[in-house]
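Q: Next come the chains, spelled out residue by residue.
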Amino acid sequence: MTADPASPAEGNGGGEGAGPLHPSPTGFWRARVFSTDHKVIGRQFLWLGLVFLAVAGALAMLIRWQLAHPGQPVPVVGALLFPSTGGSVSAAAYTALFTMHGTIMIFFALTPILIGGFGNFCLPLLIGARDMAFPVLNMLSFWTMFAATGILTASFFTPLGPPAAGWTAYPTLSTAIGAPGVAQTLWVVAIYLNGASSVMGAVNYITTVIRFRAPGMTFFRMPLTVWGLWLAAILNALFVPVLAAGAVLLFFDRVLGTRFFVAGSAIRPGGDPVLYQHLFWIFGHPEVYILILPAWGIAGDLLSFFARKPAFGYRVTVWALIAIVVLSGLVYGHHMFVTGMSPLLGEGFMLLTMIISVPSVVLGVGWLGTLWRGAIRLTTPMLFALGLVVVFGLGGFTGLFLADVLSDVYLHDTFFVVGHFHLTMSAAVLLGAFAAIYFWFPKMFGRLLNEPLGKLHFALTLVTVIVTFGLQLVIGYAGMQRRLADPSVYAWLRPLMPLNRVISTAAFVMGAAQLLFVANFFYSLRWGPKAPPNPWQVGTLEWTLPSPPPHHNFDVIPRVVVGPHELGNPAAKRALGRDYQAQNEALPGEVPRE
Amino acid sequence: MSDVVLAPGAAAQAVDARAEQEAERGATTSVGMIVALSALGMTFASLLLAYAIVRAQSPVWPPPGEAPLPPLWAWRLLGTAASIAGSAAMAATARRARAGRDARKPLAAAAGSGVVFLAAQTAALVALGRAGVGPGAGLAASVVYALCSFHALHVVAALLALTSVLGSVWAEARAGRPPARLARVDAVAAFWHLVTAVWLVVFLGVFVL
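Chains as they are written, first to last, in this note's numbering: chain B, 1 to 594; chain G, 1 to 209.
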């Protein structure tokens, strides 16, 4: 009996020259649509995420128009979108806009791009595997997410309008009493399916890293990107189910008439709306880290790659990431300081939240140490990684004010919170996503993006992000509440309207700047210069492969001998004539350590 | 492939390689199953936490103003017995499969237990409805309807998972070969055990205490 090259060989356990994990697809549907290849699935997630990023971005533009020019018809598209109000955004429409903006941005744009897209594409390549541990489950993960996006999109077109209970869907706003009609029910189903997709992905990511690392790829030789994705997957597996439980109970409340989140009254016993908040935030705070951990990992790698020196304090950075993961599950109560929480409990959550800033600062020190005296190459991915450091720094520091009970009571529900979380879990994550796109685009699509256009995109995005969300901190500190459809009706908020217009102008420029990215993306996809295998001259395993990699990734499973950041090593320079060493490349005369 | 003749040594090597591959696959499936069951466990733990909170907040249970629910002990006990029997049968299935013995009987018994459990749960919910206690009757009724129906959906999932090994166990036994896809049998058994454990907690926490 001879080895059948098309027969599935189990992971990397099939030997160094074993056949692909699953057969090469032959037809269009198996190769492009229902593919089990992690690279195809990664690209599918990326496309899906980018489409919904555009949708959520467009919703943000409408929100900012309303806040800058309340009651004025929206130019160009107003009459089409809001015919019943002559083109202006009504209070009800505004509520739906920010609900869907937040929901889509967090669950259907950033998550698919970074975790679904780059998690799928990068993880097996970076650890030297031929595919994920469970390729069929991986395919199901994408199509479950696709179904979720379809259901959420359907909620836009329901008779009573889209969901409008905020991205947090707090009862009683989200119960059948607060949100009659089918839209909010569709929202709940979409979120549940989104969570199911995330958990399927998490099962794959966790198992793949544990079981499919190439020989020699010890945990402390894994790129920081892999660490970020792997730790995010652990959080996904543990905490997304908590949101799922909240969604299940909310679904039962809405559809079967159960009374978990409907407050009782003197004549009819009932449940507790705050119970949902507990379930939501037990998930919700780790979700911040689910989004930012991959971005942190990517930034950690890119700063090292383009500073042409090893990541400063790699092991300490990894331990800091692990500490953050552990602590992230213990701090959710700081979102609920104003719910009547016991002062002692509030102090506990405050202390734990403050403590989480310690490993976060360790990360920052690692990044600065990596840059220190580096031979920095200001490529577009590097610029976006640096932007992430700056923006996350701003967002992180403003988080301290919200961690403290006293200042949080004042700042709660103001635009300060909006500015803070946009800087940390939105803008920083988005900059990380752009860093990833600009960095791995050549490997994903085999073409190079245009660098000058990318740098212009970066400059405009960074400046407008800081102006938009920085000034939101200011107006929030000045007392402007979030989720007001028309702040100008309140006398004490009228002096803030000029600032609101500046914020909106910056947001519009930010939105327009993304068109540069869209143009660059599509132009390069078709006409960009062909990418060489290793355009960035770095040593992680994916860059040892052609661009794009073949179906089964590695003809021979690589044997890893060094860490991911072997850059600027004089011995390697002497031996190889270049300043980087691939992870599977032993220097002449050097005995590789397993 | 049938025309290829292997030397005795090569045949032994091929068997070893296949066994090694099977072991690798089993280890990978086990890790994946542990992660998946942890996630599912967290879902049920969160639901039970929600129940614990609403119950702890109430001075008495059922809350003031709500009539006590009919206990329907016959159906509850039948469901509990079926659940335990199903898990025991799945454990026997996995044990026999590992020993290379015919596992059809315990597997069929597990499937039967699952069906009996679902029938008992359905009968209990129908009886509750006939007694005038709908899901919206109060918090206690909400807990019963939500936990029982969501758990029952997972018993359906466990039955579907069981069908994924049913075919191979049957085919191998009819061909006189030892059961294959052992990792999958173990994974299905683990899923059954989790679903049973959750039911026991629900039974004790909601109906007994």
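Think of the hints as simulated: they come from the structure by calculation, not from any bench. Beta carbons: idealized from backbone N, C-alpha and C, even for Gly. Among the hints, a few may not be true.
[Unchecked claim] What the simulated footprint calls covered on chain G by chain B, stretch by stretch (three residues with Cβ under 8 Å from a Cβ of chain B suffice, anywhere in the stretch; the number is not a length):
#1 63-73
#2 133-141
#3 187-196
Q: Does each hint fit the structure? Answer for all of them.
A: Quick rundown of the hints versus the structure:
1. 63-73: As far as the segment 63-73 of chain G goes, the hint holds, because 4 residues have Cβ atoms under 8 Å from chain B.
2. 133-141: holds (count 6)
3. 187-196: Since three or more residues must qualify, the claim that chain B covers the segment 187-196 of chain G is violated, with 0 doing so at under 8 Å.
Going down the numbered hints, you'll see the structure goes against just number 3.
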